[in-house]
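So the protein lines, in turn, are chains V, A, S and X.
Note that this note's numbering has the first sequence beginning at 1, numbered continuously upward.
Note that this note's numbering has the second sequence beginning at 1, numbered continuously upward.
Note that this note's numbering has the third sequence beginning at 1, numbered continuously upward.
Note that this note's numbering has the fourth sequence beginning at 1, numbered continuously upward.
Since the hints were derived computationally from the structure, they do not count as laboratory data.
From the three backbone atoms N, C-alpha and C, an ideal C-beta is built for every residue, glycine too.
Among these hints, one or two may not hold up.
Short derived list, chain A residues pointing at chain X, Cβ under 10 Å [what the hints assert, rightly or not]:
hint, residue
1, I15
2, L19
3, H26
4, G29
5, S90
6, I103
7, K114
8, F117
9, R137
10, A141
11, I143
Protein chains: 4
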Amino acid sequence: MNAFEVKNPDFESTIREKLKGQHFMHHIGFDLTEITAGKIVGEMDLTKKHMQQFGFVHGGVTATLMDITMGFAAYTLMPVGYGVVTANLSIDFLNPGDGDRIIAIGEVEKPGKKMVFCTAKIYTVKGEEMTQIASARSIMAVISRKRS
Amino acid sequence: MNAFEVKNPDFESTIREKLKGQHFMHHIGFDLTEITAGKIVGEMDLTKKHMQQFGFVHGGVTATLMDITMGFAAYTLMPVGYGVVTANLSIDFLNPGDGDRIIAIGEVEKPGKKMVFCTAKIYTVKGEEMTQIASARSIMAVISRKRS
Amino acid sequence: MNAFEVKNPDFESTIREKLKGQHFMHHIGFDLTEITAGKIVGEMDLTKKHMQQFGFVHGGVTATLMDITMGFAAYTLMPVGYGVVTANLSIDFLNPGDGDRIIAIGEVEKPGKKMVFCTAKIYTVKGEEMTQIASARSIMAVISRKRS
Amino acid sequence: MNAFEVKNPDFESTIREKLKGQHFMHHIGFDLTEITAGKIVGEMDLTKKHMQQFGFVHGGVTATLMDITMGFAAYTLMPVGYGVVTANLSIDFLNPGDGDRIIAIGEVEKPGKKMVFCTAKIYTVKGEEMTQIASARSIMAVISRKRS
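For reference, chain V alone in the conformation it holds in the complex (with noise of 0.2 Å):
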């Protein structure tokens, strides 16, 4: 994994307070549970509500919290006064999303001053078995506070 370099040392606390107004977020349940330079963890417990017709986590949960993990990823490199706003998500659906509990893990693969480069993967978890169901790209293009 690569080391970036941070420009904003009090980024966990910046994403942390940023984070109450992730109302999405909170409707659906997801919560961040690491937040490092360039990676971002969250996980959350399936519910009934996360489901499509066939019992299988719905696509739009699995891009929401791509999203929002690729999104934080980007924005723990960013300059204070500095945010990001997603311009190109993509994503490959590899196993249908059946299980207890979700894990979702958003990394830069390439910071820059105007487009940040991620990578995403979601997993889920059934009993003690873990399995890939997801695999994303996106690119978070970098805004100033005037826009943020």
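Given the structure of chain V, go ahead and fit chains A, S and X onto it with the hints provided.
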């Protein structure tokens, strides 16, 4: 727009029935307003729970509406006993999602026996103004009843 | 189709000049036939060198034509002193590329100061029949002359 | 890295045979240097014909090398009588392609009966320095001999 071959003439009632099991769709508050061969439209009022920290529609909401409308657009063309699962979902976020209402349109671009290629557009409505906030493409994989 | 704001009225001659340096485009045998604000069309005859082992157009040829037509479509809207580089290119291959001639159409969907969102379609022509073989989306990143 | 199940023990010679028909690959000057189960590596010297107008590797070259290495990576895992065609190819361009030599690595992420999910990375080499210039994901659709 293309005229597609319909293999299940009762696709609308089949989809209405399936929607009952779309727990995540109901959790968000989204519903379909138009179900025609190869095209699905849906809408919902935007409230605080759909937002991220900057007061814009969460990317996960946008992604969810795209997945649902493209998935069911593909579903309208399936023979009885067949369904679809999302294989790839690729979204470009064109503008910040700022508005009172959101409209999602999912359409089939090219149906096939194994894969259905779809496109989607998302708009927000603020007062009299309508803005396209995202465009997407997807590949829906055709599955037989065993999995659906 | 949208009417886009043109910032360099001489965009066509600027592009014609740039094309001289498109060595890979010439190596393939592709050329542009229409250069208008936000839209580029190009064509070429298909010969054995464009093929893969099944006798169909190579996916790399399709990808190249999409990259070129979308990149120059974005370029038509750049102010003097600015250019674009491809940030993301996402292609769906709808049908096998079987034909005597190939046509590529790249268009701007949404221009911006930092990023231009584009779409492309590729067709093959066999006798009287024209078939769409691929659709794509791209994000072109705007760069200033320093890099271009 | 995963250990994948090999169904055609002669996959390397089968691929070596197929390569003869890869006319576009030969036209570019690319060749494979490593053919193992689920992983393909290839390299070539960069010359003027691979460039665009800024003197960097053309995005179409990058896309072509990704399509080839991911396609053959998927092919290594096919049973006799089966092949693959690219369904989706999504590429992020991380850095300008500046160098004397280019290296492409394509790998299977998750094989399946109908679809194989792959990833690819492209590097340029300039003197002693190696730079990753692009990352990609693809979906390869499995086809039976009738079409291959």
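Right, here's what the structure says about each hint:
no., hint, result
1, I15, "violated, 24 Å"
2, L19, "violated, 26 Å"
3, H26, "violated, 30 Å"
4, G29, "violated, 31 Å"
5, S90, "holds, 6 Å"
6, I103, "violated, 26 Å"
7, K114, "holds, 6 Å"
8, F117, "holds, 9 Å"
9, R137, "holds, 8 Å"
10, A141, "holds, 7 Å"
11, I143, "holds, 9 Å"
Violated hints for the displayed structure, listed by number in ascending order: 1, 2, 3, 4, 6.
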